[in-house]
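With chain F's structure known, arrange chain B on it following the hints.
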Amino acid sequence: GIQVEQSPPDLILQEGANSTLRCNFSDSVNNLQWFHQNPWGQLINLFYIPSGTKQNGRLSATTVATERYSLLYISSSQTTDSGVYFCAVPVRGGATNKLIFGTGTLLAVQP
Amino acid sequence: NAGVTQTPKFQVLKTGQSMTLQCAQDMNHEYMSWYRQDPGMGLRLIHYSVGAGITDQGEVPNGYNVSRSTTEDFPLRLLSAAPSQTSVYFCASSFGGSPLHFGNGTRLTVT
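Same order as they appear, the protein sequences are chains F and B. Be aware that the first sequence starts at 1, since it is given in this note's numbering, and climbs by one per residue. Be aware that the second sequence starts at 1001, since it is given in this note's numbering, and climbs by one per residue.
This is chain B alone, in the form it adopts within the complex:
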């Protein structure tokens, strides 16, 4: 039972590079979301999806793109990485009205 799987676990980028953080869940959850965690600031919502083909912005969406072509996958794209995007990124999923399940996170450093 894999739950929510994030890849990679660690990534180092140079300023201006692009990359995609992968997230997959095998629980048939309709809701999926991305959060970033910075020291002393808790978790902040980046983007959010209520089902395939439907996405919405969260609290800190700038610099990130998402798409949801299938129920299982919700990738997060950084088009031009900046040092301010150095953070730990968490993907999460749930059914409506049920507890949120997190992946193990991706630690991203932008130099």
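Next up, chain F with everything else stripped away, as it sits in the complex:
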């Protein structure tokens, strides 16, 4: 089946720094989603991004489907950005929310 790998596995930043998280996937996909799991365990959908670039405030994401990767950019990081970031893609031939998740990037933003 399709494999999803995220890097780096963990990251420590000082408040105000920028970062790039990467998601590689092993097969062609028709969509990709990024999620943030906050320290209280809640999972929030950040982006639904099958291709191209989207921006939401200090966060942006780019998916290059032909090269099988996606990037999540966090600019001017804040302590509230701490948590785990997951990317997920559909199981090959599966419907939209039959997803395979990466193992995540654990981000800690220090004041």
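These are calculated hints, taken from the structure and not from any lab test. Hints are not guaranteed to be accurate.
Some chain F residues well away from chain B (every beta-carbon gap over 12 Å; in silico) [said to hold, decoys possible]:
hint, residue
1, Gln6
2, Pro8
3, Leu11
4, Glu15
5, Asn18
6, Asn30
7, Gln42
8, Ile44
9, Pro50
10, Gly57
11, Thr66
12, Arg68
13, Lys98
14, Leu107
Only pairs whose alpha carbons sit at most 20 Å apart, straight line, appear in this in silico DMTMM-like list of lysine to aspartate or glutamate [said to hold, decoys possible]:
hint, chain 1, residue 1, chain 2, residue 2
15, F, Lys98, B, Asp1056
16, F, Lys54, F, Glu15
17, B, Lys1009, B, Asp1038
18, B, Lys1009, B, Asp1026
19, F, Lys98, B, Glu1030
20, B, Lys1009, B, Glu1072
21, F, Lys98, F, Asp81
22, F, Lys98, B, Glu1072
23, B, Lys1009, B, Asp1073
24, F, Lys98, F, Glu5
25, F, Lys98, F, Asp27
26, F, Lys98, B, Asp1073
27, F, Lys98, B, Asp1038
28, F, Lys98, B, Glu1059
Glycine included, each C-beta is placed from N, C-alpha and C at the ideal position.
The following block gives chain B in isolation, referenced to the frame of chain F:
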């Protein structure tokens, strides 16, 4: 606007006991799914539904049953709990081709 509601938030079971994790959504989403989250393993799909009366197995279905009698509800049943089912369980929903929305999770411990 409740979104995806999961109950209970916490549960402790003894080996061999049965229970049902409840999930309800008020967004009229046709897709609903259950994931489990274990340390270091990301989220893994247990069962999945594309509409009332239609369910399918995910990556780790053994030991779990589901049914979908209404659009709103998608309960997950553990027939005979085992310590290996100690995990955090998330229910999620979406329209086709749209972002996935998660509930706040149920933390289950089986002793």
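Hints, one by one, checked against the model:
no. : hint                  : result
1   : Gln6                  : 9 Å, violated
2   : Pro8                  : 15 Å, holds
3   : Leu11                 : 16 Å, holds
4   : Glu15                 : 27 Å, holds
5   : Asn18                 : 25 Å, holds
6   : Asn30                 : 9 Å, violated
7   : Gln42                 : 6 Å, violated
8   : Ile44                 : 8 Å, violated
9   : Pro50                 : 9 Å, violated
10  : Gly57                 : 16 Å, holds
11  : Thr66                 : 20 Å, holds
12  : Arg68                 : 18 Å, holds
13  : Lys98                 : 5 Å, violated
14  : Leu107                : 15 Å, holds
15  : F:Lys98 - B:Asp1056   : 10 Å, holds
16  : F:Lys54 - F:Glu15     : 23 Å, violated
17  : B:Lys1009 - B:Asp1038 : 16 Å, holds
18  : B:Lys1009 - B:Asp1026 : 19 Å, holds
19  : F:Lys98 - B:Glu1030   : 13 Å, holds
20  : B:Lys1009 - B:Glu1072 : 19 Å, holds
21  : F:Lys98 - F:Asp81     : 27 Å, violated
22  : F:Lys98 - B:Glu1072   : 18 Å, holds
23  : B:Lys1009 - B:Asp1073 : 17 Å, holds
24  : F:Lys98 - F:Glu5      : 17 Å, holds
25  : F:Lys98 - F:Asp27     : 15 Å, holds
26  : F:Lys98 - B:Asp1073   : 18 Å, holds
27  : F:Lys98 - B:Asp1038   : 18 Å, holds
28  : F:Lys98 - B:Glu1059   : 10 Å, holds
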